[in-house]
Amino acid sequence: DAGVTQSPTHLIKTRGQQVTLRCSPKSGHDTVSWYQQALGQGPQFIFQYYEEEERQRGNFPDRFSGHQFPNYSSELNVNALLLGDSALYLCASSFGLAGAYEQFFGPGTRLTVL
Amino acid sequence: DAKTTQPNSMESNEEEPVHLPCNHSTISGTDYIHWYRQLPSQGPEYVIHGLTSNVNNRMASLAIAEDRKSSTLILHRATLRDAAVYYCIPQIKGANNLFFGTGTRLTVIP
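First to last, the sequence lines map onto chains A and B. Note that this note's numbering has the first sequence beginning at 1, numbered continuously upward. Note that this note's numbering has the second sequence beginning at 1, numbered continuously upward.
All the pointers check out, no bait thrown in.
Calculated lysine to any residue pairs in the SDA-like style (CA-CA distance at most 20 Å, straight line):
1) K3/B / F45/A
2) K26/A / Y46/B
3) K3/B / Y32/B
No wet-lab data here; the hints were simulated from the structure. Owing to the predicted nature of the structure, the values given are computational and were not obtained by experimental measurement.
Throw the hints in and build the complete structure from the sequences for me.
See below:
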């Protein structure tokens with residue numbers, strides 16, 4: 001049983017560019033959440049998708065957007081990249097909206113913005 | 001959201017018990033207390049959660065104070081593989097997003 005998978009593992013972009021990160025949830029899960037983890041910090045919640053809709057959102061600008069597909073996989077898009085967007089981006093999956101007490105995280109995508 | 005306070009770092013000898021404390025004095029009555037850990041170069045992984053009473057699973061035990069203002073994650077015998085950053089996270093019942101702090105970095109000494 002494959003866990004949460006993310007692609008790519010590493011990515012280098014320049015300021016102003018756009019990036020798309022991808023996530024496949026654990027088998028049987030239908031909810032995907034995205035987190036940003038800066039170096040030395042804990043992960044920060046970006047947003048969550050369920051039934052192909054954004055259900056909850058953290059304190060991130062509109063440059064951060066996402067999508068969930070009918071097969072529950074998800075994409076995170078970041079436009080107009082800033083140096084401060086350099087971080088590890090983590091995807092987590094769970095089942096259902098109510099009380100996802102155990103979220104399963106992928107290994108993350110390391111984004112470097114030059 | 002409830003705020004948490006954890007020590008920045010702790011050390012333990014291998015095969016010794018480890019008690020990782022967390023203060024969450026502003027927790028509400030319906031907030032669950034979750035613990036996750038993040039091994040080097042990996043995403044976080046769920047460890048344990050509880051509401052009012054002590055909880056045990058194959059990974060750890062969670063001791064929750066009677067007033068729920070603090071909790072302690074107990075690793076009964078630390079192994080080198082337990083070296084990680086441990087996060088204590090109060091979670092509002094019904095909410096799925098997790099609010100991570102900076103956690104406690106546990107070093108296990110062989």
